[in-house]
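Peer 1: Order-wise, the sequence lines are chains X and H.
Numbered as in our numbering, the first sequence ends at 161 without a single skipped number.
Numbered as in our numbering, the second sequence ends at 90 without a single skipped number.
Hints listed in this document are in silico derivations from the structure and should not be mistaken for laboratory results.
Just to be clear, a hint being listed does not mean it is correct.
Pulled a few chain X residues facing chain H out of the computed Cβ check, cut under 10 Å [what the hints assert, rightly or not]: (1) A64; (2) T89; (3) G95; (4) A96; (5) F102; (6) T107; (7) A111; (8) E127; (9) F134; (10) Q140; (11) S143; (12) I153.
From the derived model, a few chain H residues whose C-beta atoms are all more than 10 Å from chain X [stated by the list, open to error]: (13) D2; (14) L3; (15) D4; (16) R89.
Ideal Cβ positions, reconstructed from N, Cα and C, are used throughout, including at glycine.
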Amino acid sequence: MVAVDPFYVQVAAYTGAALCMGLGAVGAAIGEGYTGGRVVESINRQPAESGILLRTMVLGQAIAETSGIFALIVAIMILFGSFSATLPTLFALIGAGLSTGFAGLGTGTGAGIVSAAANAGIARQPETAPKETFTMVLGQAISQTTGMYALGISLILLILG
Amino acid sequence: MDLDTVNVLAPAIIKAAAYLGAGVAMGIGAIGPGIGEGYIGGKACEGISRRPEQSGLLTRTMVLADAISETTGVYSLIIALILIIMAGRI
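The shape of chain X in the complex, shown without the other chains:
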């Protein structure tokens, strides 16, 4: 394959890592912020249930955070990996960053919507908390699957690059 100056590999790595982490942070932050907002509303309505609401909020936000952590992992791998100085590698690095970055936009937001609704539901009927938590974790896990696919594609691109 066509060899290039290692300088361009560095340019591509910095671009890919920046896009990955920048886009990946957006989704997780929106989702977690939405969850936090709904929990504050719920605690305002049911101050007596603040303990279980806080617990469920932190659990839901931790799961919504995974897409941001995926983006962080891929960005670090792009920055500190050693890659061959060929033309396809440059675009593989940018592609790996875009894959996990864009995926984080969707999965982070989606997981946040689930945990927000679960917390609002617990505030409405506190005795359903175990069922709500189970369905919340299941729904968030399923909404993360596309993020896992994107992580897999990013890793394949990095290994081939």
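We have chain X; now place chain H onto it with these hints.
Peer 2: Okay, now just chain H, sitting in the frame of chain X:
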């Protein structure tokens, strides 16, 4: 550009485009299912708080709806894998 340069450059450019395309296809394709499945999960949680005795039915329906919403994400995955495999054969 003479023919020799084109013969050297073309496979590298095709491979580079396939790698970039795989990343973009999987990344943008994952946005929709992520938000859609989150919306379904949220509505299922709301439904359980209204009718807790139907939680089994609601969870089953949520998983089925998630699977259908997931299909476009799987299409993206397949296209990304095809692009990567085809690029590897150049």
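Peer 1: With reference to the structure, classify each hint as holding or not holding.
Peer 2: Hint check results:
no., hint, verdict
1, A64, "9 Å, holds"
2, T89, "8 Å, holds"
3, G95, "3 Å, holds"
4, A96, "6 Å, holds"
5, F102, "3 Å, holds"
6, T107, "4 Å, holds"
7, A111, "6 Å, holds"
8, E127, "7 Å, holds"
9, F134, "8 Å, holds"
10, Q140, "7 Å, holds"
11, S143, "4 Å, holds"
12, I153, "4 Å, holds"
13, D2, "15 Å, holds"
14, L3, "16 Å, holds"
15, D4, "13 Å, holds"
16, R89, "12 Å, holds"
When each numbered hint is compared with the structure, no violation occurs for any of them.
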